[in-house]
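K.L.:
Residue-level listing of the chains:
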Amino acid sequence: MNGVFDLGGTDGMGRVVTDTDEPVFRAEWEKAAFAMFSNCFRAGFFGIDSFRHSIEKMDAAEYLLSNYYEHWVHVIEDFGAQKGVIDVAELEKRTRYFLDNPDAPLPERKDPELLAFVDAVVKAGAPAQRESDKIAKFSVGDTVTVTADSPYGHTRRARYIRGRTGEITGAHGTYIYPDSAGNGGPEAPEHLYTVRFTSQELWGPDAAEPHDVVYFDVWEPYLTLAS
Amino acid sequence: MAQPSSPTDTRLRTQEEIAARVKALESMLIEKGIMTTEAIDRLAEIYENEVGPQLGAQVVARAWTDPEFKARLLADASAACAEMGIGGLQGEDMVVVENTATVHNAIVCTLCSCYPWPVLGLPPNWYKAPAYRARIVREPRKVLAEDFGFPIPDDVEIRIWDSSSELRYWVLPQRPAGTEDLGAFELAALVTRDSMIGVGPVGTP
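Protein chains in written order, with this note's numbering: chain V, 1 to 227; chain C, 1 to 205.
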């Protein structure tokens, strides 16, 4: 989808503001929001692609201005409601309660399996590479052009590479396809490539800083052979 | 989400409002058997104290001192890191790119906030925020020089790696001069998080 989250090349975003002494979590609520991702992933709320697409559908102004982990909270509310786990009226009621009683205790519950899952998933990860018998259409060294269409659903075709031509520098085998998995479809694995674009190709001869390049990963359906 | 009462209202929450919202959500997820406060504390503990850029620094120092390891790291970073017991969530498929006298690399995720957690921990907020994501692919020299105080010489090619897939790029910085006598432990102390993102230098001995 053509959303504001697709920021590459956007002008007017201001200076990069760094903070040398920033803690990993700036507030207690950020820890809980962070943990909701893996806990709700385990509960089957979403895969990584549909998680990203839910963030992409946030209110655009809110996306740009809110704290990072608020994006994650949005996803948990979105899928919690969809899955019938979160009743929105009840959530509003409890939010008002905790606003008035910020130190009120949370329900107590133990779950050794969940605790074991946390350590296991951090260590093992959740690989996205998938076996497939699809034959790769392209190979390293091919010159390719990214399709220039604009799907409404989830895709990893950033606007700044659409219609642009580059050279394949890496061929990585088959991975979960975001344009299917991120839109509620099956994993439908596709071949994944890294493509090298020159700065001049992306931004034109006047705008580009000379002799710089951008590498961008693309799935096979995004590409056509250029020459 | 609070609905705006007029088109010019913002929907942004205060810290108190977001804290209450998260606590409300948390209470419901706990009751539904989906999470526990123990699991939250454990995850926070891992990324506050166990998984961070000190791990990437150990990998870099070993690559600087062990040419065969470096070759394996550049060929298959996840497999090479696994030799050191390093790997896992959001680093299942890592790719290390090497800085040289003629090439400087930096990483970004323009579409969201992808980052190699197993070697760098969780990303700093500026990496996830709009300004860096918007500009580093378009005017990398200007961003590095003006925003990070880290100018790259004109004759050095800048390569930006935009992690649009589950591949997780990170940078093997150049070993600083004058470190010939240092061992891997002392070298690791010179490796900064920013040097592995590509937006800052390594330290000097």
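These are calculated hints, taken from the structure and not from any lab test. It is possible that part of the hints are untrue.
[To be verified] Here are the simulated lysine-lysine pairs, DSS-like style, with alpha carbons at most 25 Å apart: (1) V/K57 to C/K128; (2) V/K83 to V/K57; (3) V/K93 to V/K83; (4) C/K142 to C/K128; (5) C/K32 to V/K83; (6) V/K134 to V/K123; (7) C/K142 to V/K110; (8) V/K93 to C/K70; (9) V/K123 to C/K128; (10) V/K123 to C/K70; (11) V/K93 to V/K137.
Predicted model only: the values in this text are computed from it and were never measured.
K.L.:
Look at each hint and say if it fits the structure.
P.N.:
Right, here's what the structure says about each hint:
no. : hint             : in the structure
1   : V/K57 to C/K128  : 17 Å, holds
2   : V/K83 to V/K57   : 17 Å, holds
3   : V/K93 to V/K83   : 19 Å, holds
4   : C/K142 to C/K128 : 19 Å, holds
5   : C/K32 to V/K83   : 12 Å, holds
6   : V/K134 to V/K123 : 30 Å, violated
7   : C/K142 to V/K110 : 51 Å, violated
8   : V/K93 to C/K70   : 56 Å, violated
9   : V/K123 to C/K128 : 23 Å, holds
10  : V/K123 to C/K70  : 23 Å, holds
11  : V/K93 to V/K137  : 54 Å, violated
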